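Read left to right, the sequence shown gives residues 1 to 323 (the UniProt record's numbering).
Hints listed in this document are in silico derivations from the structure and should not be mistaken for laboratory results.
Everything numeric in this text was worked out from a predicted model, so none of it was measured.
Where hints are given, some of them may not hold.
[Said to hold, decoys possible] Derived lysine-lysine pairs resembling DSS-like cross-links, with alpha carbons at most 30 Å apart:
| id | residue 1 | residue 2 |
| --- | --- | --- |
| 1 | LYS62 | LYS222 |
| 2 | LYS309 | LYS12 |
| 3 | LYS309 | LYS222 |
| 4 | LYS309 | LYS293 |
| 5 | LYS12 | LYS62 |
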Amino acid sequence: MTAQRSQDGGNKTVIAALAANLGIAVTKFGAAFYTGSSSMLAEGIHSLVDTANQGFLLLGIKRASKPADAEHPFGYGVEIYFWSFIVAILIFALGAGFSIYEGVLRLMEPSHAVEAPIVALAVLAASLAMEGYSLSVAYGEFNALRDAASGNGLLADVRAMKDPTIFVVLFEDSAACIGIVIAAAGIALAWITGIAEFDAIGSIAIGVVLAVTAVLLVVETKGLLIGEAASPAMVETIRERVSQRPEIASVNEIRTLHLGPRDVLLTMSCDFEDDIPSQDIEAAVSDIEQRVKHAYPIVRRLYIEVQSKDAHRRALADEDVIA
């Protein structure tokens, strides 16, 4: 139920952002050509890049849902992490790069006033309303999935979330709202003071905001792409429940890996009591697998290794020597 909600929420968030950004991009470009505003042009490029990004996220969602095959026996879930990483790169290279370039270029040219600043500000106000709606959808889905009771704070919950379709759009829309406010401030200051350079400075500031956003997304999506473990709380609960079984002498180790937002690979090394018959060990392994998957449907694959505690310690020591 939670997995289905997360998948539907991710689609809803991305589609809402795509529709909003497409309409906003067209409006901003029209206003940029009409007013000659550098900040407005930077915002238009920003919205166009965001629109393309939502397309890449939808592509990632579709490709990640492909079933496993002989070439990819664990499925294609990691694809959503790859396309999210591409989105972060595009925000930095195109969004931030062009905005800063446009601002610097305008500063080097003879200054010219923004024409029809009221039109530009009206367009930005409408854009803020649309971006605000998209942000509210993204934040609503994020808030529904985050562990708010943990008390770790917003950024910690973002890092704990393994679904980039939620937090990428959340970051993008937050940066978009901040960018709109900056653009409006630049245009308003240029209009009030008569100093046209404020408009160009606004474009540069928008680029800096996008660059910071891109770096944060690169760091988070890079971690997911390389491979991150499941939540410590889930691992600890599984360890405690398995350790309580009478057949288990000790749980040596549990390792997990996210193969997708809703796809976890779990391996477990268990030391069974010496007097347990082999057929009872087989039954216990099967029962543990069923119970773990029932309690945590996100665990799609579970492998249990029957191994004594001493043998496990020797294996870990060998790993350290090889490393």
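Hints versus structure:
1. For the hint pairing LYS62 with LYS222, the CA-to-CA distance comes to about 20 Å; that is within 30 Å, so the pair holds.
2. With a C-alpha separation of about 47 Å, the suggested pairing of LYS309 with LYS12 is violated against the 30 Å cut-off.
3. Simply put, LYS309 and LYS222 have alpha-carbon atoms about 34 Å apart, too far for the 30 Å limit, and the pair is violated.
4. This hinted pair checks out: LYS309 and LYS293 have alpha carbons roughly 25 Å apart, not beyond 30 Å.
5. The hinted pair formed by LYS12 and LYS62 meets the criterion: a straight-line CA distance of about 14 Å does not exceed 30 Å.
In summary, the structure is inconsistent with hints 2, 3 from the numbered list given earlier, while agreeing with the others.
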